[in-house]
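J.: Okay, here's what each chain looks like letter by letter:
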Amino acid sequence: MSARLRGHAPFAAVAVLLLVVAPLALPAFRLDELAKYLCFAIAALGIGLAWGQGGMLTLGQGVFFGLGGYATAMYLKLHDAGGDLPDFMVWSGVEELPALWRPFGAAGFALAAVVAVPVAVVLGALVFRQRVRGAYFAILTQALAAAFVILLVGQQGLTGGTNGLTNFYDVFGRDPEAEGTQRTLYFVTAGVLGALYLGARQLVRSRFGRLLVAVRDGEDRVRFLGYNPATVKTVTFAVSAGMAGLAGALFVPVVGIISPSLLGVVPSLELVVAVAVGGRYALAGAVLGAIVMNYAKTSFSEQWAGGWLYLEGALFVLVMTLAPRGAAGLYEQARDALARRRGTPAPAARPREAAT
Amino acid sequence: MTSLLNQLPIGLSIGAVLLLTALGLTFTFGQMGVVNMAHGEFLMAGAYTAYLLQDWAGAQAVPVALPVAFLVAGALGWVLERTAIRHFYGRPLDTLLLTWGVSLILQQAARDLFGAPNVQVVAPSWLTGRVGLSGATLPHARLFIMALAVACVVGIWAYLGRSRQGRRMRAVMQNRELAAVSGVATGRVDQLTFFIGSGLAGVAGVALTLVGPVGPSIGTYYIVDAFLVVVAGGLGQLRGAVIAALALGMLNSFAEFWTDASLAKVVVFAVVVAFLQVRPQGLFVLRSRALT
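As given, the protein sequences belong to chains A and B, one line each in that order. Be aware that the first sequence starts at -5, since it is given in this note's numbering, and climbs by one per residue. Be aware that the second sequence starts at 108, since it is given in this note's numbering, and climbs by one per residue.
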């Protein structure tokens, strides 16, 4: 087997697992759950790109996830209502369709994929141009997530408030509850995840990817070399936001609801936790981390609801203290430790623990 | 116009709460580069301290709890610093995630210890009245919080400017290496800073029992705004924290008046981002020649 083929072997194995084994082996209910985890994995992939490769700790991916999700949900709602007002607006006493909703009636789903990107571009351009970075950036994105959720809850008539948008009866001409629809949605989600993963991997291996890592490890040095780090970071941030938006857009038909409780500070941080546990410097680590962590959360919460928070917290403390490179970095870490014990210098060209 | 004037004291008192919560943060962040997400849970610890002290001190629990909560929250912070955070210096983003894990554990612990529903701390009778203030009325509790904020700021200012220990703290904040080679035990200064910073969160927590019920997630409501204050004010800057907290408090109250509570948060966020366009490092900056 050539080296080129060997590099693709793990990806092919996971693809077979997700596309062939899982649909055959899992009951419909669990397959639906897995589709949900795959949506989170898409968002996690974006975080892996922005944080692991670019050093931008974004704690507000829930916002972009939500923008994509709400755009899709608005489209589905208007489609269901068929010219009338969506049901929840009637309950809230809204009499006329708000202007904000109008564009989503016609091309809502197409809008869903792109609605997150301009927001990220504007925020990124404003913030990165002024060299706001590191913890400042993390805090700002977190504040954005907090403000976004408060806005969603507060504007009941426009967004459905705490309940969010739910009860979709018609998803692209199909019954959303039917097993066949769910299966199709699963394959679509898995396909999108695979394509985005390959795209992200290509991006990381390209010249742009190298520049991105250079910006992470020494932003000022990159600037002295004549590049503009702000552009590199804004583009990456926008790509990562676009992934989160797409994930949200898929989440709505898969799960059948989008609500503020899925998007706030805590859910956004949970995505980051998953990436950290899986391994922030490896894109595959981010994806698998999101799937495994969400699976663990569901199965653990079914047994002992309160215990999950202890476990998640403890896991996080342990990972940050003992294995900052996550599960994907354990092998490298062990190799380095072994090399140190033998007295030989550790191999170079490994990511430095971000000091930004 | 009178209702507009009414917003002024409301804004001041929101600012005072923000200031109390942000005061500790700005020093742990500024001196040690620690983004302490568990700060909100130290606040919670202070609030529950007041709740527990009610059994013993009755209606005077709030004033009694102030020093106790300082010690309780300070001790929690000190333990956290010794066991975990000290391994993370120079990696602020990792401390953010680490302390968030800690805050999850503390929240769930509070839920198991005190139950998920909110509890109430009864304010002493001398804090339940209202005073008229140029057409507006203001609860005594709010005035008390403002006074407490002023007292804390003056205390910190005196500590930093007048005491030996405070001078060491400023030295470490300005240039850690230089302080270390000049004989300052930076590790010990860090411990003390973290103790004081966390203790201030405990004091803020006691103050919060006067404005609302106490629950396991009380900290999460304040932590994000408190960090915005730190970012806008500049790291480790007492002046910056005071001005930023009052400005954001005012902005919040007036934005709520003109729009509504949910839009106000968005307005505050937008203003902070816009402000960082002018002063990316916040209001006041510690000058440094370090190249990051």
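In short, the hints are calculated from the structure, not lab data. Errors might be hidden in some of the hints.
With beta-carbon atoms standing in for the labels, derived distance ranges [unchecked claim]: (1) Gln281/B / Asp330/A: 32 to 38 Å; (2) Gln297/A / Arg386/B: 48 to 54 Å; (3) Ala3/A / Leu285/B: 33 to 39 Å.
Okay, the calculated bits of chain B under chain A, using three or more residues with CB under 8 Å as the criterion [stated by the list, open to error]: (4) 169 to 182; (5) 192 to 200; (6) 330 to 344.
Source: prediction; values computed, not measured. Backbone N, C-alpha and C define an ideal beta-carbon position, used for all residues, glycine too.
J.: State for each hint whether it applies.
T.: Hints, verified against the model:
1. Gln281/B / Asp330/A: 32 to 38 Å: holds, 35 Å
2. Gln297/A / Arg386/B: 48 to 54 Å: holds, 50 Å
3. Ala3/A / Leu285/B: 33 to 39 Å: violated, 53 Å
4. 169 to 182: Answer violated; 0 residues pass the 8 Å Cβ test.
5. 192 to 200: holds (count 6)
6. 330 to 344: This one holds; 6 residues, not fewer than the three required, reach chain A with a Cβ under 8 Å.
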